[in-house]
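Enquirer: Note that the protein sequences, when read in sequence, are chains B and R. Oh and the first sequence: position 542 is 582 in the numbering used here, straight run, nothing missing. Oh and the second sequence: position 185 is 225 in the numbering used here, straight run, nothing missing.
Worth flagging that the hints you see were computed from the coordinates, not collected in a lab. Any given hint could turn out to be false.
Note: identical chains are not told apart, hence a pair may lie in one copy or across any two.
[Stated by the list, open to error] Calculated pairs, DSBU-like style, for lysine-lysine (alpha carbon to alpha carbon, straight line, at most 35 Å):
| # | residue 1 | residue 2 |
| --- | --- | --- |
| 1 | Lys-575 | Lys-93 |
| 2 | Lys-59 | Lys-286 |
| 3 | Lys-419 | Lys-59 |
| 4 | Lys-207 | Lys-419 |
| 5 | Lys-207 | Lys-366 |
Number of protein chains: 2
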Amino acid sequence: MEKFKVIFYPDNKSVEVEKDRTILSAALSAGVYINSACGGDGVCGRCRVILRKGACSMLSAGALSLQDRKRGVYLACLATIQSDCEIEVPPESRVEFDQVQSGRSDRRLGGFYAAAEDVQAADLVPQQQQPAAAPLTEKVYLELDPPDLNDHISDLERLYRAIHRSKGLQVSHTGLVNVRLLGDTLRDALWKVTVTLARRPGIVELLGVEAGDRAAANFGFAFDIGTTTVSGQLINLSDSSIVGTKATYNKQASFGADVITRIMYAQKEEGLEKLHGAVIESINGIIHSLVSERGIDLNDVTAVLCAGNTTMMHLLLRIDPASIRKDPYVPAANSIPVVRCHEAGITVNPRALLYCVPGIASYVGGDVTAGVLSCGLDKMQDVSLLIDIGTNGEIVLGNREFLVATAASAGPAFEGSGVSCGMRSSSGAIQKISVDPKTFAVSYETIAGAKPRGICGSGYIDAIAAMLKAGVLDKDGTLRQIPGRVRPNDSGSEFVVVPASETETAEDIVITEADIENIKRAKAAIYAATMTLMKRLSFEFGQISRIFIAGGFGTSLDIRSAIGIGLLPDVDEAKYLFVGNSSLAGARQQLVSEPALARARDIASRMTYLELSVEPGYMDEYMAALFFPHTDLSRFPNF
Amino acid sequence: MEKFKVIFYPDNKSVEVEKDRTILSAALSAGVYINSACGGDGVCGRCRVILRKGACSMLSAGALSLQDRKRGVYLACLATIQSDCEIEVPPESRVEFDQVQSGRSDRRLGGFYAAAEDVQAADLVPQQQQPAAAPLTEKVYLELDPPDLNDHISDLERLYRAIHRSKGLQVSHTGLVNVRLLGDTLRDALWKVTVTLARRPGIVELLGVEAGDRAAANFGFAFDIGTTTVSGQLINLSDSSIVGTKATYNKQASFGADVITRIMYAQKEEGLEKLHGAVIESINGIIHSLVSERGIDLNDVTAVLCAGNTTMMHLLLRIDPASIRKDPYVPAANSIPVVRCHEAGITVNPRALLYCVPGIASYVGGDVTAGVLSCGLDKMQDVSLLIDIGTNGEIVLGNREFLVATAASAGPAFEGSGVSCGMRSSSGAIQKISVDPKTFAVSYETIAGAKPRGICGSGYIDAIAAMLKAGVLDKDGTLRQIPGRVRPNDSGSEFVVVPASETETAEDIVITEADIENIKRAKAAIYAATMTLMKRLSFEFGQISRIFIAGGFGTSLDIRSAIGIGLLPDVDEAKYLFVGNSSLAGARQQLVSEPALARARDIASRMTYLELSVEPGYMDEYMAALFFPHTDLSRFPNF
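Turn these sequences into a full structure, and let the hints guide you.
Expert: As structure tokens, then:
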């Protein structure tokens, strides 16, 4: 078989592949991750690359414009290698790796905006129910009495006795490797050692023994594994402090934008292995990046706790998710046993434990359990609502007496994916926009004040609300023709937010009618799910004391804009509280507190699931919501 | 480096080795196991081989007679390979692999002889305290309700629910591999599956899931890992029945006869690995032999439970035993965590569990715990004594209120090792001997009535008692010169038990003065330990209701002969009960009963240890016992 060398820029990574392999497949082999929302079907247009040298062939042009084709743009999923090639992956096509805006200092007055980190500090959860600090893994320094003829119990029993005396804990398990090394470690260390203890359901495990006092060198990672975004936090388990936070696109994006596409991909040959490998690479990337920045030894990472939707948890552990999308839609497992990180491929301490937050159903996963935990919904007397806006939107209604959850597929638009100039809420993302109703001039704010690179989820919400208000956009999603600002494109019209001259990428940042349609569907799905859940349980918004809005929007979400486009119901704005990534916050909470881990299990066992596909009212609600803000304007009296 | 080909007969196994390698080391590489009681020091003379072709050199003749040297006999531990060779390993030098005499049908009238298997049936343990049957691993057939839209819990939770409904057990752990395979297994099997459940301290683990009804295909192995002998029993865990029993010499015999020599060997380079490999080979040999004879799939072996002395347990799990022989004599672990069999190298089902019976101290191991359990000493109202006669002799005094154990090194003579014509109690072993006081003619019985091959432990006891009675042997261990029956040899005299014309090996079966000295020391060690323990706790034999005699003698031990040589105290013979391999019986009891496992932990935690080396009276007792039956004849009024 003829082989060609392909070099990818700017990574400068090269690979040898056979003739007729797709660029996307060659890129994966080279370790270069390219966006591909549709899973290689050539319809999403997210995997544009530029051929700098060599020959590729592409039978169909897919989503490419004539202009694109003139510039040497190819769709990586459709184009095949025909010679040695040099290929550039432009910024908008890259699955990137950068820092999430943690925004702890950015809490706005009025209570509308709060990063997830701040929720714990707020008085939402009654104080007496705050769990005591008992991290899932703990390092304890011990000075043992050396053995003598009057005290000749074995090394292991001596260690267990010292642990019991110091912590009141009965160790019930340890690995053979620890017993094998114990005698030498104890004697070399002159009987002064640090033990790592892990709390697993029902038992305490001795994870490891080190010489000397290493009690402070104990770290863990909390993760939210989203369909589109993977967010991780490095936690110092000796004092529960956050050492650092990072997020990255889930590298599975190369195989499809939503969970259904990925489940289908998993059925292909090696499909499950590739999806598993991609998410593990995303996780290991965050771990290695944070650990090396802080000069921490990977062996001192002793626990990882992951929250995520049910499909993500299956792919994380290389469990076939096939049954999730087949009637009657049951996953292989909602509660996943505690395993070792290395069994999943996560490269930390070889005996470190991996905990997964239990989920409720195929479309309501452990991320929702973690979200309920972090907001304290399960402890509240008043009934509240949690709306988690992601590629899969989840809504929970309840209090300490009941919890009902539902889910709706919204697509990745609110995470800045699957839209033409979308990006995650990182440096250079436009997050606030206003449009002058007379001149149609646009003013905008970017994250970190950087030169604009694209628009993040909260930016799209703000932009559409502003365009509606300024009369640029009709309530059905059609753009008015405004010379110099709105122009025709291949599939309709597009609104120029920032001209190429002002952008980082030297290309126009635009919002197309296709983007608007995308967002309209996403917001309609979430709004309709919320309303269906409320009606099904015969609740009025007057009976709801709080509405928690969660999602990876970064530091800001303008609740008024979100109501303005019809994503959220038009109720008293004081009821809304933006809590950021509540799944990540709930994951961290469990990592540093065994009672919180038990509480999560309790939440998962108590929560019931409302399946929208069998709810008669849902489709009507959805159709009625395909309008800005809604076909029934009486529901939005303030807009 | 020059290489030579060495062929070993009768195995017909060959190996290529460098010049100057010892025959013993070449044999190990070829997978041929040769007896070597002294660990390669050339003193025990157990590793005789015959050079049939080629050249070997041997600087010192070690324990070889002139006659041996003329016949081409070499000591495998001293002789080095100098050319291509063909070497014969004679039967007496082989570490053999054959069936133990289980003797369930051989219980003698009068209660003196009972195989370990029968103890359970006797009324020693009060009935109400007999544990209910709950094997450590259990297969349960389940017919699950398939999921539908009204019952859409996940596959794993569905399985756990069915287990709970069927058995009332809450599964708290399973391996990732089971979750990965679960969806397909359940659906392919149309929701009719068999689960394997394992009971571990504090938790129930789901070990595996199989299609269809396989509830009856569940097996386990109980092992007694002795310094000299490894005995294993295949148990059908679905009904607790014994499927088969086998024993073999511990292949570690190639590295030394007693635990001290082996601990020293373990300190050499690769020494620990070799000792570990040898015992694992012995274990796997028994497993594979029994399993293939019965046509059982190795994957259906789901649990292995081992009892053994503390050093054996360390070597079994490749834990360095060094600290056992260094002041203050503490092992790495008395209680070893439950691990997977494959972690130790035992080749059964990959997820099968390995349980080790907890020990008490460096020289009182889990074999004693198991022995106490099987005799029911820990449940008795009356005080009893357990004397376990092996390479290490252990004595326990106690009842349901107290348990005190001690240990003395006796050497392997009673297991038919380290004596010139010794063998295990298998087919062809002489087990009963009488000597006519006038003609000095010998009559004897062999196991299975086969042609005599050697003398087993109970045979030696019987022989010495008979020789004392007939006046052939003096009370100090000197043989009378009797032409045709007693003759001089290299180091004194020897008694011809069976002439070469009648034996399987076509060589005389003899008892030498060196053998007699060996047995005298062994019996003195055990008698002295028993007496020291009794005195230390101020007990008289009148206060003891039962004396259990345990050991791998096979089907028979003549208690009268054992008293006659001074091995056992001269008390009312009705108090004695021979219980055979009580360690193996106790191991099996735990394998088939979780309450027995808990009871063993309780015994180990309650039993205290009396260290003889710091007991002032022990040495005097030992010296006084170096006589047949004793220097103080008033202690043996009936002899």
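Enquirer: Hint by hint, say whether it matches the structure.
Expert: Structure-based check of each hint:
In this homomeric assembly, Lys-575 and Lys-93 never come within 35 Å of each other (Cα to Cα): the closest approach is 59 Å inside a single copy and 96 Å across copies. For the homomeric pair Lys-59 and Lys-286, neither the shortest alpha-carbon distance inside one copy (38 Å) nor that between copies (62 Å) is at most 35 Å. Taking CA atoms no more than 35 Å apart as the test, Lys-419 paired with Lys-59 passes in neither setting, with 60 Å inside one copy and 78 Å between copies. Taking the shortest alpha-carbon separations for Lys-207 and Lys-419, both the intra-copy value of 29 Å and the inter-copy value of 34 Å come in at or below 35 Å.
Proximity of Lys-207 to Lys-366 under the C-alpha cut-off of 35 Å is restricted to the inter-copy arrangement: shortest distance 30 Å between copies versus 48 Å within a copy.
Violated hints, in rising order: 1, 2, 3; the structure is consistent with all others.
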